[in-house]
Amino acid sequence: MGEAQSPVSAVSARSEPGREAPGTQRKHREISSGISRNAKRRLVAWVCGVLVVLLMVFFLAPFIWMIAYSLYPSAALQGSTLDMGFANITFDSYSRLLSDSSFLVPMANSAIVGLSTTIICMTIGAASAYAIARFKFRGRQPLLLSMMTVQAIPVIVLAVPLFILLRSVGLYDQLFGLIITYTAFILPLVIWMLVGFFEDIPPSLERAARIDGCNRLQIMYKIAFPLAAPGMAATAILAFITSWSDFFLAKVLTISTATTLPVRTAAFQGLFAMDYTSAATAGVITAVPVLILTLIAQKWIISGLTEGAVKG
Amino acid sequence: MAGTLVEKSRKRDLRFGLMLTAPSVIIILMLLGYPMGYAIFMSFHQWNDKLGADHQFIGLNNYGQLITDPAVWAAMERTAYFSVITVVGGVALAVIIAILLNRKFRGRTLARVLLLVPWAVPPVVNGIMWKLIFDGSVGIVNTILRSLGLIKENIQWLADPTAAMNILIFAETWKLLPFLCLLMLAALQGIPESIYRAAAIDGADAWNTFWRITLPNIRGPLMFALIVQSMWSLKVFDTIYVLSGGSGGPVSGTTTINFLDYITTFSNLDRGYGSAMAVGIMLLVLIVSAFWIFVFGGFSRKRREANG
Amino acid sequence: MAQIELIHVSKTYGPTKHGRNAEPAVCDLSYVIEDGHFVSLLGPSGCGKSTTLNMIAGLEDISSGTILIDSHRVDDLDPDKRDLAFVFQDYALYPHMSVYENIAFGLRMRKVPKSEIETRVTDAARRLEIEQTLQSKPKKLSGGQRQRVALARAIARRPSVFLFDEPLSNLDALLRDQTRSELKLLHRELGATSVYVTHDQEEAMTLSDRIAVMSRGRLEQFGTPYEVYHEPATEFVASFVGKPRMNLFTVTKAEIGRYGLPGTTFTIDIGDIGMDQVRVGLRPEECDLHPADDGAPGHGVVKAVEPLGNVSDVLVTVGDQIFMSRVPGFGNYTVGDHVNINVTRARIHCFDQKSGTRVDH
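Residue numbers (my numbering), protein chains in the order written: chain G, 1 to 312; chain L, 313 to 620; chain P, 621 to 981.
Since the hints were made in silico from the structure, they are not lab data. Glycine is no exception: its CB is placed at the ideal position from the N, C-alpha and C atoms. Any given hint could be a false lead.
To be verified - In silico SDA-like cross-links for lysine to any residue, where the CA-CA straight-line distance does not exceed 20 Å:
1. G:Lys222 x L:Arg415
2. L:Lys416 x G:Ala45
3. G:Lys299 x L:Arg524
4. P:Lys759 x G:Pro203
5. G:Lys222 x L:Met331
6. L:Lys362 x G:Pro230
To be verified - Chain P stretches covered by chain G per the calculated footprint, using a threshold of three residues with CB under 8 Å from any CB of chain G:
7. 698-704
8. 963-973
To be verified - Some chain P residues near chain G, calculated using beta-carbon distances under 7 Å:
9. Ser683
10. Phe708
11. Asp710
12. Met944
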């Protein structure tokens, strides 16, 4: 039986180097009943395959529907039957929104705020995370722990005090006000993720660098940063996504000049009337940059998001 | 002499560490720590901007009002309904989907990448998306139901408080589920395959394998997922705002405690009471997190008997 | 080029919380590593040998004592100021740099002129036959090639001291033997003082001029391979060095100069050492077996025979002890045979029962 089993696992191991799934583990196999077991397994695989496809449809369809909505004139979609021929596709609402300064300004604001926040967070955060990951100074543990608990604070607790604070220093409805606020909120997340990436660097590499003559600062930017580069890129993308997507703080801390894209997009739907095509278009425009960045860094985002939980 | 050597190196480490962490700590203290303290300070005051700038110290009165306010209790009830379904249901569903996705099949990597789409969609866009689907006059759901002949007249989904709440749950689940799935998937992949083989040799069937091998081995990530999702569910805001047009309606049907706090603070301008409510929400988050840690028997004690 | 001197060196980890002192990782080491010598630090894992190496390198601070290199105190110098190169167990190659850059990095940091760097890198690469890999990233290399890059990086620095932290332990058996021979040749060519941490006694024996055997943070013996093997200073050294392991048991005085294993007919002559009981060590390869006379019980009964081809290890139950003898060829013993043990050929090592130190006789 052992003989019968080994070639199969050898083949499967070659075709799929990843770890074998719990559902597919092979039990003791009787050669005589091999065929029926095979058939059963194929049936299970088929059912699971269908379920996965349905699941993916569920996860993608709403977004695709929104894209469709942004591309067709509202008449084509609101009748009793859908008229979705390719001939009906129009980019009118895109060209309308992208030439409307009341939409372009928030878009630029979001880009400026997102990029600035990301740069500041990464500069300050990488240094802090490296120190926490590498140096055993007193207060290191509590510091890391507080980074985690900050995530638990509901934003609403800080909304009014921040509003008052920013207004008193003249930063209410200013891009810079938003930038520093986002920086404070995103820094803990950035540090938390980066500590994980830095701790993954084997300590012997830094020892080698010390023997080779690097001082602490040189070890940091010549060895640690380049080695953690993919992780840092993913963290930066995550920082950008977080600040780009935020609605609540932008809503509370801006009113007109510094309004961001999510706030503007949300404004397309009032209490009673809604410009559906514009809302869908704005939705797509808001989501697309984030989606592209996510797909670029998907591998590292997944590991960055899940590693801490699985490890600790 | 020898002691000073060690001291010296540790001091150097300390100085370098402090130098590198100082900017972060300062920013966080200034923009998170200070407002935090200020919020607690405000919660002890009569601080309503509609009533003018006279801020009177009223001790725990705001907190007392919190406990007796029927609006708070109604919101809490909705929050509980929303949270229990999205947290317990969401995580349970995520475990099942993760097991499904952990099988070997062609396009497994693609499936995992596609999971990131809902995760990445900004919450505001999420709200708009579901509005386009469930809208009473132009939503696709009505169009489909009509063409199937199941309904004659359009249903105003978002005009019914119960339906609106359920749509909110549906929309939030769509967005949160993928992250939970990825988390559980990573957890499953951390289980060495050899113990599944061992279990199979020991004669465990699929059911026993799940309860006695899989679950105990993803205990830590499971707890993490429940805590994180609890935090998210308790502070859900953006989707409610968009789905209800900023009202938390219809008839307060989607006004969770977090949204009630928003209305109190920014529509009614009752900052003092709103701050008390916010502090209450924060305590709630801590209590729920502690609850999960308690249920799972703490961080450190690993591998307990899976079920009973 | 360099002589390393350790004077009462100790290392204690961790702050002493609750006023309780932690067990020292390294305790009171004193010995001199002569210029040009190849010295192995040998011991089981956790015996403090890597800590000692790291302290010499300056990667870890020493808690007390002094380290001198060429009579200069170095305890306060950073690693890069001590003129030494380090070969790590996991090689510690910088994954983001090519092999060339890996080898050149230490030289660049020391502001060696560019042309000089190039000469030294190519020279080191040629010596270790890795010229073809210079432009690749370490990830693309096999384990053996990485090991060579790590060695080349050390050589290119031309330091006065080489430190090795179990550099061969990640190689497979065949490659390990080969590299071991090459290391020996390399050391002969370069002649630089080398300190080599290993838990593999074969490596230590074949490579070293001196071996420092360590156990639980203490030095057990510092001596030549010959001394360590034939005149173990402590029972620990006796049991740790030598394969198969030395037979060690307690014998009781039977008559003056003659000691016996209680409950058996097995006795040995030690001479008058004035002790009632003593620990005795006999190397298996120095003990011969003879079949007992027909019907006689002999010293013991054969328990198992482990043929290795050229020799066989025969396990004999003697009283409640297991005694091992290494016999030529496949031997002529089967389980259950009654045998006598003949130790006339053997060097008899005696150790104090309590302290474990060698007792001369």
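To see whether the hints hold, each was checked on the structure:
A hinted pair counts as satisfied when its Cα atoms are at most 20 Å apart, and G:Lys222 with L:Arg415 does not qualify at roughly 41 Å. At roughly 9 Å between alpha-carbon atoms, L:Lys416 and G:Ala45 fall within 20 Å of each other, so this suggested pair holds. At most 20 Å may separate the alpha-carbon atoms for a hinted pair to count; G:Lys299 and L:Arg524 exceed this at roughly 31 Å. For the hint linking P:Lys759 to G:Pro203, the alpha-carbon distance of about 18 Å falls within 20 Å, and the restraint holds.
Of the supplied pair hints, the one linking G:Lys222 and L:Met331 holds, its CA atoms being roughly 19 Å apart against a limit of 20 Å. Taken as a hint, the L:Lys362 and G:Pro230 pair is broken in the structure, with Cα atoms around 51 Å apart against an allowance of 20 Å. Restraint check on the region 698-704 of chain P versus chain G: 4 residues with Cβ-Cβ distances below 8 Å, three needed, restraint holds. Counting residues of the region 963-973 of chain P whose C-beta lies closer than 8 Å to any C-beta of chain G gives 0; at least three are required, and the coverage claim is violated.
Annotation: interface hint on P:Ser683 violated; nearest CB of chain G at approximately 16 Å, more than 7 Å. The interface hint given for P:Phe708 holds, since its Cβ lies 5 Å from the closest Cβ of chain G, which is under the 7 Å cut-off. Interface hint status for P:Asp710: upheld, as the beta-carbon distance to the closest one in chain G is roughly 5 Å, under 7 Å. Interface hint at P:Met944: violated, since its Cβ lies 35 Å from the closest Cβ of chain G, which is beyond the 7 Å cut-off.
The structure does not agree with the numbered hints 1, 3, 6, 8, 9 and 12 stated previously, though it agrees with the rest.
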